[in-house]
Amino acid sequence: MRIELTTDPGDPARPNEDWATTALPAAGRGGALVVLDGVTPPPGNGDCVHDVPWFTARLGGALTELSGSRRDMTLTEILAESIRRTADAHRDTCDLSHPRTPQATVVLARWDESYVEHLVLSDSVLLVESPDGGVRAVLDDRLDRVPRSSLVSDDVADALARNKEGGFFTAAADPSVAARAVTGRIPTCDVRSLAALTDGASRWVEKFREGDWVDCVALLRKVGASALVERVRELERADIERTYLRRSKTHDDATVVFVEL
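Converting from the sequence shown to the working numbering requires adding 92 to each position, the first position being numbered 1.
It should be emphasised that the hints constitute simulated quantities derived from the structure, not laboratory data. A portion of the hints provided could be inaccurate.
To be verified - Below are the DSS-like pairs computed for lysine-lysine, each with C-alpha atoms no more than 30 Å apart in a straight line:
| id | residue 1 | residue 2 |
| --- | --- | --- |
| 1 | K341 | K256 |
| 2 | K299 | K341 |
| 3 | K314 | K341 |
| 4 | K314 | K299 |
| 5 | K256 | K299 |
What the hints assert, rightly or not - Now the in silico label distances, taken between C-beta atoms and shown as ranges:
| id | residue 1 | residue 2 | range |
| --- | --- | --- | --- |
| 6 | G225 | P145 | 29 to 39 Å |
| 7 | G225 | E302 | 17 to 27 Å |
| 8 | P223 | D304 | 12 to 22 Å |
| 9 | G316 | G225 | 15 to 25 Å |
| 10 | D247 | R183 | 21 to 31 Å |
| 11 | D143 | A251 | 22 to 32 Å |
All residues carry an ideal CB built from backbone N, CA and C; glycine is no exception.
Could you build all of it, start to finish, from the sequences and the hints given here?
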């Protein structure tokens, strides 16, 4: 088994809000991976005394513990319990009902000799490569389907779309959001590799159109996770006219976990 993990902050002067880890072996068999992309809040996030890195570390730690030790729990149940634990850690000091209480996107995968289970919530991506080289992108595309009129500003998005029916969902303080995640299970014999990317890394495909998901996995296998992120940085620096980035951040936190089973 080959595992590579890399993460790079979008701004070295700010804490990295992504969080990632792997667990081997998970409950004595196979393994697990966790990738979170913390959502950067605008000023005024409900006066929560905790920042996003605190939240992703707490949530990521709970996800890693449970996915690595509790084979009797589904990934949906693991996400719900991890959100509950994290919320309990600061519900006495913070307004968890605020739409910008700390939150994150989630990619979670767990495998053993029989099956690979997966869960994706919001706009990070899990790539599942088959033995013949085909690649399936497991995506939660609800954010892409939200009308642009509902995303014209942070206030409008919070009021109309964020963790709202007909909008998009993130892991924040409500455990029931786990039921909104995209989940599935694939026979392990049908999986050659897994790649989990936050949207700062998936820009290589989604914004810069340097290749498709098959090309992305091939590049990871050839040059590695760190090289993929560096190529994204080169493309960001070269987009002076913002042809591809448009209104997006010039550099975003970028994280990749690549696992060859």
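(message) Let me make sure I understand: some of the numbered hints might not hold for this structure. Which ones are they, in numerical order?
(response) Violated hints: none; all satisfied.
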